[in-house]
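Trainee: What follows is the residue order along each chain.
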Amino acid sequence: MIRIGITGMGAVSAAGIGVSALWQAARDGNSAVSALNIPRGEALRVRVAAALHDFDAAEHLTDQELKRTDRFSHFAHVAVNEALQQAGISADTLKGSRTSAIIGTGIGGMNTLDDSYHDFYQGKTRVHALSIPRIMPSSATSHVSITHQITGPSFCVTSACSSASQSIGIGAQLIRSGIVDRAIVGGSEACITPASMKAWEMMRVLSPDSSRPFSKDRNGMILGEGAGAFLLESEAAMAARGATPIAWLAGYGTSSDARDIIQPDVDGAAAAMQAALDDAGLSAGDIDYINAHGTGTVLNDINEAAAIRKIFGDLTDNIPVSSSKPVIGHTLGASGALELVITTMAMREGCIPPHINVTEPDPKCALNLPLNGAISRPIAAALSNSFAFGGINASLIVTAVR
Amino acid sequence: MTDQELAPPPTTWPDLEDATLIDRIIDIITEEGVVERDKITPEATLETIGLESMDVVMILMGIEEKMDTYLPMDAQLASARNLSEFVAAIAAAMKNSETAKEADAE
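Chains as they are written, first to last, in my numbering: chain L, 1 to 402; chain B, 403 to 508.
Computed cross-link-like contacts, PhoX-like style, restricted to lysine-lysine with a CA-CA straight-line distance of at most 25 Å:
| hint | chain 1 | residue 1 | chain 2 | residue 2 |
| --- | --- | --- | --- | --- |
| 1 | L | Lys67 | L | Lys124 |
| 2 | L | Lys124 | L | Lys198 |
| 3 | B | Lys468 | B | Lys497 |
| 4 | B | Lys503 | L | Lys198 |
| 5 | L | Lys216 | B | Lys497 |
| 6 | L | Lys67 | L | Lys95 |
| 7 | L | Lys216 | L | Lys364 |
| 8 | B | Lys441 | B | Lys468 |
| 9 | L | Lys310 | L | Lys216 |
| 10 | B | Lys497 | L | Lys198 |
| 11 | L | Lys216 | B | Lys503 |
| 12 | B | Lys503 | B | Lys468 |
| 13 | L | Lys364 | L | Lys310 |
| 14 | B | Lys468 | L | Lys198 |
What follows is a list of derived Cβ distance ranges for each label pair:
| hint | chain 1 | residue 1 | chain 2 | residue 2 | range |
| --- | --- | --- | --- | --- | --- |
| 15 | L | Lys198 | B | Asp425 | 26 to 32 Å |
| 16 | B | Ala502 | L | Glu42 | 16 to 22 Å |
| 17 | B | Thr501 | L | Glu42 | 21 to 27 Å |
| 18 | L | Lys364 | B | Thr422 | 31 to 37 Å |
| 19 | B | Thr447 | L | Asp267 | 23 to 29 Å |
| 20 | L | Ala43 | B | Asp425 | 24 to 30 Å |
| 21 | B | Thr501 | L | Gly350 | 38 to 44 Å |
| 22 | L | Leu315 | B | Thr450 | 36 to 42 Å |
Please keep in mind that the hints were generated in silico from the structure rather than gathered at the bench. Glycine is no exception: its CB is placed at the ideal position from the N, C-alpha and C atoms.
Pulled out of the complex, with its shape left as it was, chain L reads as follows (with noise of 0.2 Å):
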């Protein structure tokens, strides 16, 4: 079997820019939810979000690449750069067939749907002329691919809140099979937009003040936005330009609930956390820590919680468990990934997150939440769970390196 190793990551979110501001924003419990005021917001019940106020694109990207990208591709520009210079990779080693790009998102370019349609409605006729390539959810995958020449196989997987699991799982299969040698994979969401919100809103699952995971008095979830980015690689391509992996990607298991489009379901979370074990080889006496897709709407956590249970059995008691939403909200096709760099993160720190925001634990999800505060504990395994809309199911598993 080929290892894949992790050799860079990046992140953007409300927390800021890069993985050490995000991973100091969950390992200190800070919440960087914050209120909402958008404009073209005034119908907006939820004023609350985790979104990024400051972000200047302009910064990061030249003129000619912001009039071709929306947001969301903004993101995932600049959490690929950081996971490329943390990797140490050339440009010359990166470009080429042998690597492939897959950024997932749950939906696309929204911030340019949402300007372009409001523009069109209010009579304008000329509205942006690379609506259709900044908004269609493969753009951030091609903007990474021509950035960096990538010219193996790249693709966007779209399964709402497990696109970015999905993309990174996928990656990792590609390179397992020989296909390529090396993966950026990841996922990228901006959907704070005022048609967007509200749309969530009429899901009844937004909650007007906070996201409280696992907490009896929970009432919904908080929109985040942002991107996670991983560079990933196979231990020959490591080892022929003299890379060493920050972590092992050692397990992912997807699944489906053929069941219900909005209702989770017990065996389906299950049997994703199983066939990541198996997919790691491990079984789950050898998990360190869990971090839960943890939404904070009511049907999510006692099924997660459930599904925990049912892999986990009586191990449930004692693994600790937290969810990173109250901190960065849910960012949606980007959570897997930017979870994921929260869950390595805890691994090389050998610090497990806090899990905040609970007034008084739903004995319905009975869990292991460290609620005072993070506990510094050796890692040598962790799950990272990623369960979507429509009853796909994605979880990943890395493993620390000796």
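Place chain B on chain L using the hints.
Mentor: Relative to chain L, chain B alone:
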């Protein structure tokens, strides 16, 4: 919320500060859920009157339109065992929302 799991579900409408609120909520359930009014009793369950999760979402939208209050799905709403508890959960969520609005205004 008390340990409602232990107590049997209530058989009468909740005792609210504003007694007219129950009728207004029932009006919205009738309209948005498309339920015959005489089927709406405190002891009826959501299932017996044919309310599915999408109908509950529609009812919460009706509450927003008619009462100017955004209510997300919370645990109390989701676990209501009959219409009495469902109405009580809506009233409680409305009260929380009002309290939050007042706090924001200050």
